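Chains as they are written, first to last, in numbering that gives the first Met the number 0: chain Y, 0 to 252; chain A, 0 to 303; chain C, 0 to 297.
Don't read these hints as lab results, they were simulated from the structure.
Please read these numbers as outputs of a predicted model, since none were measured by experiment.
Think of the CB as a built atom: it goes at the ideal place given N, C-alpha and C, for glycine as much as any other residue.
Certain hints may be false.
[As the list claims (entries may be wrong)] Covered stretches of chain Y (in silico footprint by chain A; criterion: 3 or more residues with CB under 8 Å from a CB of chain A, positions within the stretch not fixed):
1. 3 to 15
2. 86 to 94
[Stated by the list, open to error] Subject to a maximum C-alpha distance of 25 Å in a straight line, what follows is the list of computed PhoX-like cross-link-like pairs (lysine-lysine):
3. Y/Lys250 with A/Lys173
4. A/Lys4 with Y/Lys250
5. A/Lys265 with Y/Lys250
6. A/Lys14 with C/Lys2
7. A/Lys14 with Y/Lys79
8. Y/Lys1 with A/Lys115
9. A/Lys139 with Y/Lys79
10. C/Lys237 with Y/Lys250
11. Y/Lys11 with A/Lys14
12. A/Lys139 with Y/Lys11
13. A/Lys21 with Y/Lys250
14. A/Lys139 with Y/Lys16
15. Y/Lys79 with A/Lys21
16. C/Lys161 with C/Lys149
17. C/Lys202 with Y/Lys185
18. A/Lys211 with Y/Lys79
19. A/Lys14 with Y/Lys1
20. C/Lys257 with C/Lys231
21. Y/Lys11 with A/Lys113
22. A/Lys265 with Y/Lys11
23. Y/Lys1 with A/Lys112
24. A/Lys211 with A/Lys236
25. A/Lys7 with Y/Lys250
Residues per chain are reported as follows:
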Amino acid sequence: MKLRTIILNTFKEAVRKKLLLIVIGFSLLLLAASGVLVPLSLGEESKIIMDFGLGSISIFGILLAILIGSQSVFNELERKTIYFIISKPVRRETFIIGKFLGLLLTFTTVIFILVVWFYVILFVLTGLHPASILISVFLSYLEIVIITAFCIFFSTFTSPIFSSLFTFLLFVVGRLAPDIQLLASKTANPFAHFSLQLVYYVIPNLSNFNVRGMVVHSELVSHNHILFTIAYAFIYTIILLVSSSEIFRRKDL
Amino acid sequence: MRPIKIEKLTKIYPKFFGNSTKAIDNVTMSVEQGEIFGFLGPNGAGKTTLLKMLAGLLYPTSGQIWILGQTMHSFSAKQSMGFLSENPSFYNHLSGFELLDFASALFGMPAEKKTKRINALLQKVGLGESGNIRISDYSKGMIQRLGIAQALVNNPELLILDEPLSGLDPIGRKEFKEIILSLKEEGKTVFFSTHILADVERICDRVGILHKGKLLRIGELNILLSERQRSISLSFKPSEHRKTPSLPDAKLTAEGYWNITVNGEKLQKVVASLLKDGAHIISIIPETVSLEDFFVSEIEKNET
Amino acid sequence: MRKWLFPTLIIFGFLVIFFIQNRIDENKEQYSLLKELLYFPSGKFVEQASIGYNELFADIIWLRAVQYFGEHQMTDRKFKYLYHILDILTTLDKKFIHSYTFGGFLLESSAGESENTDKLLHKGEFYNPESWEIPFVRAFIYYFFRNNDKISVLFFLRSSKKPGAPDMSRRFAGFTFQKLGAKLKALNLWKELYRLSNNPVEKETAFRYLNEITMLIQMDSLQVALNEYMQKKGEFPKSMQEMINSSFLRKKPKPPWKDEYFYIDTQRDRIWCTYLDKVQSPILKRMMESKSEQGTVK
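Next up, chain Y with everything else stripped away, as it sits in the complex (with noise of 0.2 Å):
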């Protein structure tokens, strides 16, 4: 099928890039390093490992995701590599959601081999292998597919740099979204506060995403939880999808 054509496509590019290899080596190596810690942590070393195995994981991750995503389809219009697949009979949307779907395979397999090394380095170094780690792991890789959705969003009309900008933005603020929400509830004005919930609500929450510290501490996290959040990265992600599909549709190339 065309969209497998070109998710592949998209996918063998990426794996290609040497950028690609140098974050994953210097993850690898952040990940091992954590090792290191353990004579100083006293007594504490399964803590430490863990917050910074997820953590690298997590910046990694959206490292990635931001890097190589605002590249991609911007590079394709700037060197006209893209005149060779929209004249032929392939839909513009196939061509967004493969190249979506091409990026998330890469980073999917990047995050695998990512967390089967922090299991390892984990289980060495104390025994733990807690599944709950892969619960804070599938949310932190649900927070790098909206923000992949993001990065090809704004590259269909701008270059990498801002692109990636924009995109950094959104995480940082996304990620202080509860904290708009306290703002908000605080807000006397009811212009201000109504702004201001339009905001929270609008931008994507990425604090949904984040149980890191529960996992570290042994909490539970709820099954309903869970669901809510995978319901919200898909609908969010599917926004952003049809956004760029309707505006890449309409674009000169």
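Fit chains A and C to the given chain Y structure using the hints.
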């Protein structure tokens, strides 16, 4: 059914500040089945814009386009069409073979005998040995050839090529022209653009001239060229006792003989006059109007 | 028709998002905001991660810390994570003096974590060697909460030697040397704090203590009168009015609160105040205990 039919096509690029540019201005034309059509124009005339609209990459501001009887952007039109953009670039991480494989998949072509088909195509464009080399290592000429190949993957009825001969050395140009002629022999229609006049000579059935978005002339090449009144160049030596000829427009050349250019009607009178004076006529050569002259004069006419 | 399809889809999508987010928020635990902080192993990690925007991050965390304190103050009065937060805060922005002084104050008075208070304030002195505020707060804590005059004097002196230190530091060093009753010292301290503080919570606390100590001092002098009456008359009076009538008391004393009054607790033969019947305060308890040790005000 004509492969390409264009009616009152206009493309305006709006600008926030200043005047918007009219890239294509009310162009109406069509291309006949089985012909090779050369689309001429200086740089910036709008050729690429027009071709991109034909390929479904740009949206017209107004007007209509029909490709193979279908409206623009329709899948079935793209299914039987091959497009090559100007200065093409393809995914550098793939090999030539992989790219053509990718193209086949985009056309939804069956997987059987795929390898055979692709190799045959590579052979046809002269890339038989280079199929497994990464595109990042291809020369300009090789990329151009690959470009033609990917436009032929689906065995299209219509080919739209933007500056297909750019960047090729003389041998490459010759090979390409031969490929285009062979495509015509297969019954295909070829529509290509170029700003190099020599490209259209010999192979085009019809040409069109585009300048500043306007279609200036369109028609068979020799008919267009024959419009201009033929000038005739006459070389002679005046007779011994007349050092200078009686004809006021005659010029002395460096080789020592005289030359005068007359148009066809006056030829008889001048010859008679010279013979009467006893001049020795060296040669009578009709000047062919070069395509270049024709082209330049049309452009200049449009400038005013 | 087709034109409206796209915007409609988007708006519909966001409506769904709105509903989902609401369900997530309802489901979340109350203080999950701050639980995020627990993910950070220490202030050091947060500092590195802030990539240079320390003060900004410190501000954000300060807001959360205040929020955290406020919520717990109103509810369970348990401040399990207060020290952790303050540690991060003061690592991110080492010069944020107020987080040491106010934080230390809360840590000692409301959370009762003396060890952590010392750690925090020691860190504060280390990074802010010129600050008079931090040793002052340490002195205050030793003086008032820990009843340790000897050490508090040292800190008052240390504070008074810092550049820009107010007279207050020296005065209190002086007070501590004098053999005045504990309550007068305390009263003056709280008066000063009330006067000088800009922090509304601090001011409110100071005001409350001010009133309570005033009440205790009044009670002490009332008790003296009561004891004199006992000595002279051989029995305890039945009411305040009796004491006034027999000239042991000039007029009826009024505690600092409008609706409260003093009365004689005939069962235990002591002066009491209705305020004490209503309010439980560890500080008051301590003051009362020290009263029984040291005797009455001299």
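Status of the hints after comparison with the structure:
no.: 1; hint: 3 to 15; verdict: holds (count 5)
no.: 2; hint: 86 to 94; verdict: holds (count 4)
no.: 3; hint: Y/Lys250 with A/Lys173; verdict: violated (37 Å)
no.: 4; hint: A/Lys4 with Y/Lys250; verdict: holds (23 Å)
no.: 5; hint: A/Lys265 with Y/Lys250; verdict: violated (60 Å)
no.: 6; hint: A/Lys14 with C/Lys2; verdict: holds (24 Å)
no.: 7; hint: A/Lys14 with Y/Lys79; verdict: holds (23 Å)
no.: 8; hint: Y/Lys1 with A/Lys115; verdict: holds (21 Å)
no.: 9; hint: A/Lys139 with Y/Lys79; verdict: holds (15 Å)
no.: 10; hint: C/Lys237 with Y/Lys250; verdict: violated (96 Å)
no.: 11; hint: Y/Lys11 with A/Lys14; verdict: violated (39 Å)
no.: 12; hint: A/Lys139 with Y/Lys11; verdict: holds (24 Å)
no.: 13; hint: A/Lys21 with Y/Lys250; verdict: holds (18 Å)
no.: 14; hint: A/Lys139 with Y/Lys16; verdict: holds (23 Å)
no.: 15; hint: Y/Lys79 with A/Lys21; verdict: holds (23 Å)
no.: 16; hint: C/Lys161 with C/Lys149; verdict: holds (20 Å)
no.: 17; hint: C/Lys202 with Y/Lys185; verdict: holds (23 Å)
no.: 18; hint: A/Lys211 with Y/Lys79; verdict: holds (24 Å)
no.: 19; hint: A/Lys14 with Y/Lys1; verdict: violated (36 Å)
no.: 20; hint: C/Lys257 with C/Lys231; verdict: violated (33 Å)
no.: 21; hint: Y/Lys11 with A/Lys113; verdict: holds (21 Å)
no.: 22; hint: A/Lys265 with Y/Lys11; verdict: violated (73 Å)
no.: 23; hint: Y/Lys1 with A/Lys112; verdict: holds (19 Å)
no.: 24; hint: A/Lys211 with A/Lys236; verdict: violated (47 Å)
no.: 25; hint: A/Lys7 with Y/Lys250; verdict: holds (22 Å)
Checked against the numbered hints listed earlier, the structure breaks hints 3, 5, 10, 11, 19, 20, 22, 24; every other hint is satisfied.
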